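2 protein chains.
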Amino acid sequence: MGKDDKSKNFNLKVPKGTRDWTGEDAALRDRLFETVTTVFKRHGATTLDTPVFELKEILSGKYGEDSKLIYDLQDQGGELCSLRYDLTVPLARWLAMNPSVQSFKRYQIAKVYRRDQPAMTKGRMREFYQCDFDIAGAYDAMIPDAEVLKIVNDVFKALGWEAYTIKMNHRKILDGMFKAAGVKEDLIRPISSAVDKLDKLPWAEVKQEMQTKGLSAEIADQIGEWVQRKGGDDIIEFLKSDPVLSQNEDVKKGIQDMELLFAYLDAFDARSHVSFDLSLARGLDYYTGLIYEVVTEGSAPQIKGKQQEVGVGSVAAGGRYDNLVGMFSGKPIPCVGISFGIDRIISILKARGESTQRAKDVDAFVMAFGGKGFTGMLTERMQVAQELWASDIKTEFSYKLKPKLPQQFKQAESAGVPLAVILGEEELKAGKVKIKVMGITDESNPEKDGVLVDRKDMVAEIRKRLPAANGV
Amino acid sequence: MGKDDKSKNFNLKVPKGTRDWTGEDAALRDRLFETVTTVFKRHGATTLDTPVFELKEILSGKYGEDSKLIYDLQDQGGELCSLRYDLTVPLARWLAMNPSVQSFKRYQIAKVYRRDQPAMTKGRMREFYQCDFDIAGAYDAMIPDAEVLKIVNDVFKALGWEAYTIKMNHRKILDGMFKAAGVKEDLIRPISSAVDKLDKLPWAEVKQEMQTKGLSAEIADQIGEWVQRKGGDDIIEFLKSDPVLSQNEDVKKGIQDMELLFAYLDAFDARSHVSFDLSLARGLDYYTGLIYEVVTEGSAPQIKGKQQEVGVGSVAAGGRYDNLVGMFSGKPIPCVGISFGIDRIISILKARGESTQRAKDVDAFVMAFGGKGFTGMLTERMQVAQELWASDIKTEFSYKLKPKLPQQFKQAESAGVPLAVILGEEELKAGKVKIKVMGITDESNPEKDGVLVDRKDMVAEIRKRLPAANGV
Numbered sequence: 000m001g002k003d004d005k006s007k008n009f010n011l012k013v014p015k016g017t018r019d020w021t022g023e024d025a026a027l028r029d030r031l032f033e034t035v036t037t038v039f040k041r042h043g044a045t046t047l048d049t050p051v052f053e054l055k056e057i058l059s060g061k062y063g064e065d066s067k068l069i070y071d072l073q074d075q076g077g078e079l080c081s082l083r084y085d086l087t088v089p090l091a092r093w094l095a096m097n098p099s100v101q102s103f104k105r106y107q108i109a110k111v112y113r114r115d116q117p118a119m120t121k122g123r124m125r126e127f128y129q130c131d132f133d134i135a136g137a138y139d140a141m142i143p144d145a146e147v148l149k150i151v152n153d154v155f156k157a158l159g160w161e162a163y164t165i166k167m168n169h170r171k172i173l174d175g176m177f178k179a180a181g182v183k184e185d186l187i188r189p190i191s192s193a194v195d196k197l198d199k200l201p202w203a204e205v206k207q208e209m210q211t212k213g214l215s216a217e218i219a220d221q222i223g224e225w226v227q228r229k230g231g232d233d234i235i236e237f238l239k240s241d242p243v244l245s246q247n248e249d250v251k252k253g254i255q256d257m258e259l260l261f262a263y264l265d266a267f268d269a270r271s272h273v274s275f276d277l278s279l280a281r282g283l284d285y286y287t288g289l290i291y292e293v294v295t296e297g298s299a300p301q302i303k304g305k306q307q308e309v310g311v312g313s314v315a316a317g318g319r320y321d322n323l324v325g326m327f328s329g330k331p332i333p334c335v336g337i338s339f340g341i342d343r344i345i346s347i348l349k350a351r352g353e354s355t356q357r358a359k360d361v362d363a364f365v366m367a368f369g370g371k372g373f374t375g376m377l378t379e380r381m382q383v384a385q386e387l388w389a390s391d392i393k394t395e396f397s398y399k400l401k402p403k404l405p406q407q408f409k410q411a412e413s414a415g416v417p418l419a420v421i422l423g424e425e426e427l428k429a430g431k432v433k434i435k436v437m438g439i440t441d442e443s444n445p446e447k448d449g450v451l452v453d454r455k456d457m458v459a460e461i462r463k464r465l466p467a468a469n470g471v
Numbered sequence: 000m001g002k003d004d005k006s007k008n009f010n011l012k013v014p015k016g017t018r019d020w021t022g023e024d025a026a027l028r029d030r031l032f033e034t035v036t037t038v039f040k041r042h043g044a045t046t047l048d049t050p051v052f053e054l055k056e057i058l059s060g061k062y063g064e065d066s067k068l069i070y071d072l073q074d075q076g077g078e079l080c081s082l083r084y085d086l087t088v089p090l091a092r093w094l095a096m097n098p099s100v101q102s103f104k105r106y107q108i109a110k111v112y113r114r115d116q117p118a119m120t121k122g123r124m125r126e127f128y129q130c131d132f133d134i135a136g137a138y139d140a141m142i143p144d145a146e147v148l149k150i151v152n153d154v155f156k157a158l159g160w161e162a163y164t165i166k167m168n169h170r171k172i173l174d175g176m177f178k179a180a181g182v183k184e185d186l187i188r189p190i191s192s193a194v195d196k197l198d199k200l201p202w203a204e205v206k207q208e209m210q211t212k213g214l215s216a217e218i219a220d221q222i223g224e225w226v227q228r229k230g231g232d233d234i235i236e237f238l239k240s241d242p243v244l245s246q247n248e249d250v251k252k253g254i255q256d257m258e259l260l261f262a263y264l265d266a267f268d269a270r271s272h273v274s275f276d277l278s279l280a281r282g283l284d285y286y287t288g289l290i291y292e293v294v295t296e297g298s299a300p301q302i303k304g305k306q307q308e309v310g311v312g313s314v315a316a317g318g319r320y321d322n323l324v325g326m327f328s329g330k331p332i333p334c335v336g337i338s339f340g341i342d343r344i345i346s347i348l349k350a351r352g353e354s355t356q357r358a359k360d361v362d363a364f365v366m367a368f369g370g371k372g373f374t375g376m377l378t379e380r381m382q383v384a385q386e387l388w389a390s391d392i393k394t395e396f397s398y399k400l401k402p403k404l405p406q407q408f409k410q411a412e413s414a415g416v417p418l419a420v421i422l423g424e425e426e427l428k429a430g431k432v433k434i435k436v437m438g439i440t441d442e443s444n445p446e447k448d449g450v451l452v453d454r455k456d457m458v459a460e461i462r463k464r465l466p467a468a469n470g471v
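From first to last, the protein sequence lines stand for chains A and B.
Anchor point for the first sequence: position 349 equals 348 in numbering that gives the first Met the number 0, and the numbering is continuous, going up by one each time.
Anchor point for the second sequence: position 101 equals 100 in numbering that gives the first Met the number 0, and the numbering is continuous, going up by one each time.
Don't read these hints as lab results, they were simulated from the structure.
Please read all numbers here as calculations on a predicted model, not as lab measurements.
Keep in mind that a hint or two might mislead.
Since the list gives no way to pick one copy over another, a pair counts as held whenever it fits inside one copy or between any two copies.
Here are the computed lysine-lysine pairs in the DSS-like style, where the Cα-Cα straight-line distance is at most 27 Å [said to hold, decoys possible]:
1) 330 to 359
2) 428 to 447
3) 196 to 67
4) 110 to 359
5) 399 to 330
6) 433 to 349
7) 15 to 110
8) 67 to 55
9) 359 to 251
10) 206 to 401
11) 401 to 431
12) 399 to 251
13) 67 to 15
14) 251 to 401
15) 55 to 110
16) 40 to 463
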């Protein structure tokens, strides 16, 4: 212990792609957690918290080629475990383990782990928060799906965001389209993945990728003609009127779902930010129906047009996955959900200058002063502090035996404490304490130098001044 | 996807020593987090959140022989990392990495990882929550220490606990005692660890362990005579009057600290649960001054005497560790802190029958009914639900197109929803909805069958009935 020589050999840092959260960032994050939790609970959700690692076999075969990004624990004897990659597979595992639960509306806010190349400025980390809301259960078509999208609206409304787009599509429409164009079964997912890049790449490059993957130029062009459309009801009209697509059974089923969805979104007053975007494909294999992704101008609202969406990436995404639970239990439970990218949302809030939360939130600083022979009045400061704590007033005082008054003011100021409670020996003997709202510069303010109040009224007098002091 | 045969090979469980949190347990846990966070913030603390894994070298050499319990991540290329074992070492690492921070009052609530033998009934898990509060900084003696103990009082008071004991001791007194008795330097920690078992083992066995470790029977008896004392000011009097101990420099320094501490605890009105227990030693190497441990009767309040403390173990523990930050940076920052064992506290709350939190917390269930040709009124139910959500009323409705009224009542009842909002076609045409407080059995209650209100007054009428419905 305490061998200072040894310390010099230390590589003093956090692991690559991870970070500490403190100060204003942590305060901002907590506010965000509170906002989303309030919305989730308003819709009747309860929380599920799962272990940070799962048995390795639970995760395997769920993430396609991204499986290589999974963190494994070292084999130290016993079970083989991996850090969770998302919160969806743990939910499916839980549902499969609890067969008595046939329906579940749950939220989970927790960190997930991916051995990706970190890009901190873009908010891409190896350890990052996900914030998931899912509805599990066999229900009538598209009703829970509509509620999930309503929740997206509620969350961004609560955050005060105006400019965002919920891009949505349907896996059945997408797959039906590919089939109608003549894409062979085994090429559907690779071609789907090429189409998904249309928000980042020009059509010519996407077409090139399709051809490299084995598609003819004609088929690629046909797909290109279809998937570059986006809109609202007009997309449904287009799908219903196109002579080829309107005959495809998968597309037909998808259209039925989208018609229901739009009607339900209207009932929820949640249609305004929606864009039916036939190019949206989403990477994960497990989606089976509606898929969606939320994009925003993010930190560069001055840039107009397509570019604005590129730098930021999606801030929330999800969809319907009806078969995942069945992969574990053999008894499928249909699910639909959304995952909010907390770290990205925070990056954007910060870039917008919204990180103005006070990291520290103390109401009162108890201080003392005196002339020659000043004892420091530590006991008295402690007694007053404990009275304030007992009245639920957030309070600090100097941990020095004999602090100087300017020192104490400086400490209170640098912590942004709005009220000073100042003890003097004479005043205390007379049963009085001085209360001072910090930072009054107006000379005409009668309380500029503080106001002397009866000790017995101290708590009430502090409460009276707290809203003003906190700028409320 | 969806290959049901495959699912039969799955070992459907969570890793050994881990668990899922949901339902009432999760609600109880959240209440507990809220309680401790409120107390911590009242004392001016801010949060620090660190990565779940640290570089392996950060953790090594900090936990003595318990280092074998550390989980390592597999070497997948890149850095070698380990899951955090506690929240103290990450705090010290953070302080060392941020040399501009010379003082810090922080809390952290997070899971830690130990490859221990799980004992679930005792609340000993491999993944479990710790809830830490620490004060870092060079201050006048014992002032932050006293505030940490005040916080212990505040937390258990907020939980409504009466019967608990804060056992405390001082490493300097303990070590001075061992030296005064003639224990050699290299035997001090092993003998200290034997003494620490006095709360679990009878004196004869502890003495036996001491002798096995190389102590003479005389020295062991001398130590036994000293360390089996506990009390308050009388222990200080004993230490000051004992001819041998009162001459030992370490003991003298410890007495000075304890005298200050008791005076400060009096100022904080926080003395009542304190027991100065000369047998308390604590396992961890890094403590340098005051140490403490909180014990309670726990789940077996009917058992009197020593036995009651054995089964439960401590529910909170901590102490002063002045050299840990210096191990990383070479520049020590003195620290004192406490760690609350959330899982154990929850085990006790549950055993006391306090797990009566509603896991689900919904205010209103919107339902509809109709006669022949009933459409289900899904759009109308959605519209009403969205009005209630917009007014921050927690609301659910059936995800069925045409649910039967008894089904809807059953769903509301089983979720413990206190209010039903019932839509009928005729009523809605007349601009009315029915509000019904669930579970009224009193025939004379005029609202037994619900009350018809104007649609425009719906939100106000619901709000009026919510406190009663929630049993407030």
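Inset, instruction - Check residue 67 against residue 55 for me: Cα-Cα at most 27 Å, and say if that holds within a copy, between copies, both or neither. - result: both (12 Å within a copy, 22 Å between copies)
Inset, instruction - Since the copies are identical, ignore which copy is meant and state whether residue 401 and residue 431 lie within 27 Å (CA to CA) inside a copy, between copies, both or neither. - result: The answer is within: 21 Å in one copy meets 27 Å, while 69 Å across copies does not.
Inset, instruction - Using 27 Å as the alpha carbon limit, work out where residue 206 and residue 401 are close: within a copy, between copies, both or neither. - result: This pair counts as neither: shortest intra-copy Cα distance 76 Å, inter-copy 46 Å.
Inset, instruction - Could you figure out if residue 251 and residue 401 sit no more than 27 Å apart (CA to CA) within one copy, between two copies, both or neither? - result: between (80 Å within a copy, 24 Å between copies)
Legend entry - Copy assignment of residue 40 with residue 463, given that the CA separation must stay at most 27 Å: between (33 Å within a copy, 20 Å between copies)
Legend entry - 27 Å Cα threshold - placement of residue 67 relative to residue 196: within (21 Å within a copy, 47 Å between copies)
Legend entry - Status of residue 15 relative to residue 67 across identical chains (alpha carbons, at most 27 Å): both (17 Å within a copy, 24 Å between copies)
Legend entry - residue 359 and residue 251: within-copy, between-copy, both or neither at 27 Å Cα: Neither: 56 Å inside a copy, 38 Å across copies.
Inset, instruction - Could you place residue 330 and residue 359 in one of the four classes (within, between, both, neither) given a Cα distance threshold of 27 Å? - result: between (49 Å within a copy, 26 Å between copies)
Inset, instruction - At 27 Å max between alpha carbons, let me know whether residue 110 reaches residue 359 within a copy, between copies, both or neither. - result: both (24 Å within a copy, 24 Å between copies)
Legend entry - Intra/inter-copy verdict for residue 428 and residue 447 if alpha-carbon distance must be at most 27 Å: So residue 428 and residue 447 pass the 27 Å test inside one copy only (23 Å; across, 62 Å).
Legend entry - 27 Å Cα threshold - placement of residue 110 relative to residue 15: both (15 Å within a copy, 20 Å between copies)
Comparing the model with each earlier hint shows violations of hints 6, 9 and 10; every other hint is respected.
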